[in-house]
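Participant: The primary structure of each chain is shown beneath.
Number of protein chains: 2
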Amino acid sequence: MALSTRLTERLSLSHPIISAPMAFAAGGRLASAVSAAGGLGLIGGGYGDAAWLEEQLGLVEAGQFGCGFITWSLLRQPALLDLVLAHRPKAIFLSFGDPAPLVSRVKDAGAALITQVQTLRDAEHALDCGADVVVAQGSEAGGHGEKRATLTLVPEVADLIARRSPQTLLCAAGGIADGRGLAAALMLGADGVLVGSRLWASAEANVGPRMHAAALAANGDDTIRTQVMDLARRLDWPSRYTARVLNNAYTARWHGREQELIAVAEEEAQKYRKAWADGDPEGSNTFVGEAVGLIDGIVPAGDLVRGMVSEAEACLKRFASV
Amino acid sequence: MALSTRLTERLSLSHPIISAPMAFAAGGRLASAVSAAGGLGLIGGGYGDAAWLEEQLGLVEAGQFGCGFITWSLLRQPALLDLVLAHRPKAIFLSFGDPAPLVSRVKDAGAALITQVQTLRDAEHALDCGADVVVAQGSEAGGHGEKRATLTLVPEVADLIARRSPQTLLCAAGGIADGRGLAAALMLGADGVLVGSRLWASAEANVGPRMHAAALAANGDDTIRTQVMDLARRLDWPSRYTARVLNNAYTARWHGREQELIAVAEEEAQKYRKAWADGDPEGSNTFVGEAVGLIDGIVPAGDLVRGMVSEAEACLKRFASV
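Protein chains in written order, with this note's numbering: chain A, 3 to 324; chain B, 3 to 324.
Isolated chain A (complex conformation):
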């Protein structure tokens, strides 16, 4: 198995696979399993809880993990970045907001700066900021994102990088859950991929059994992009971002009735947080992308990483003689 790319060379990885820093789901255990298998595992810094972060950082080996943050949230509590940098991450991943104020601290600490973008315009800004890796995230992704699709955003950003900053690396995110998606991303000009939903459905993810069961029962038609869970949780997401989740009783009740939800948000927030704590996939949300239809079991993350690479190689070999 030797899918070598500029990403594997530059970050000293065996495989061009990075695990998405999924808030709550991606802790130290998942990050370690992905890194041990030869990819780069990212802890999901999420909305920023110092005690949780310390605990997860205790589960990883310095230099063999990265950490992702929700940029707009991190800008409100920048000390969390220092907390993580002290553990010598290989990379810091920033998405959803302007990374500019954080760039020098990341680079001065010797970590690679990975910035995730959802539009061509934001990719231009990421290059202006000096990102080492740009992740082009399509709307098929689970959790937060925007409207553009991976299939067009990746080659368009690849062309931008070729014109403006050829040394910058590019990864594809959104909709990639198996070796076919990995091989497709490489064809589009990516140096590697970010994998979210498929690793969410792994043995090492911090995800409860009822959430996993809901995902296994779903197909790719069963997701929706919405803001209702952010309104209910009273999170200050900028309005350009929505989150993809499984359709359920909660989205059926509130999607399209956002103003009514805002009016009762205090009460709903309590109910939502309780359902979330209970791992209830109807009263809270299962954060997965359209690739949920490609998920057929909850297995160890290392097996997933290795399986993706061998499947991608098999796909590529079918056309090796053209």
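Honestly, the hints are just simulated from the structure, not real lab data. Wrong hints could be hidden among the right ones.
Intra- or inter-copy, both count: the list cannot distinguish identical chains.
[Unchecked claim] List of simulated lysine to aspartate or glutamate pairs, DMTMM-like, C-alpha gap at most 25 Å:
1) K109 x D130
2) K273 x D232
3) K109 x D84
Given chain A, put chain B in place with the hints provided.
Facilitator: Okay, now just chain B, sitting in the frame of chain A:
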């Protein structure tokens, strides 16, 4: 150049590329150019104008073209299908509606039945109907479509076909405008691709110069899925379908104000149709997908087909030694 797949074998093509049957834009000249280059060119039957169809059919060679229809529209004037079948098309392409009532007439005439789907559920129905080729169309496509993305829909439909009907062929549509997209589609399990926007931007498409200029000036961030042009044109599109077009003065004015538009639709329809006839890209709409950001010139369709194939081969060769 030899990207041979089950599609090229079954339909006797040189290249696994089918041109999208874009209403208005895809006439006999474009279909002929694509077929002459070794792909399969489709005439866009659109909303069904017998005189226009006869004229376009006069420009193609029997057995070397196909014709596409908007299924719900064709069901209202089924005689148009006989008109086309009399010219011995290689294939009939049906999208947006239930193809079941039309299947036997297509097959009895010896044409291949290509059905385009936007969801896994519709793909299941297409297999029930006995489609020879299923086209999985993602939301990144220009013109009418739905919400799912090409990158996840194609492998999910590939898995369905493998389980239920392995002899059925699969093509990918939406977001494919160059050899990178073609190679990616093959990795996802497709036997070929449908190309719309890129061939819309060809010398043989029935598209005016101001529409082409608007597309060349745009990038992939500049499109929107909306229903305002269908409301203005008073077309009876089922509500599940929206159309992707370039953002312009028209969408800025009406998107989000659909009820107000319906109230003045008669007047707006006249204005819209005049702007459309004038080729005005602000008063009417430029129907292109997110791949508009990958389009850099208006060139002959044959060059585009051949260029896509050689670029795809180059992409595949980069990883031929894994």
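Participant: Look at each hint and say if it fits the structure.
Facilitator: Evaluation of the provided hints:
1. For the identical chains of this complex, K109 and D130 are intra-copy neighbours only, at 14 Å inside a copy versus 56 Å across copies, given an alpha-carbon limit of 25 Å.
2. Proximity of K273 and D232 under a CA criterion of 25 Å is satisfied intra-copy only: 13 Å inside one chain copy versus 41 Å between copies.
3. In this assembly of identical chains, K109 and D84 lie within 25 Å of each other by CA distance solely inside one copy; the values are 12 Å within and 67 Å between copies.
No hint from the list above goes unmet by this structure.
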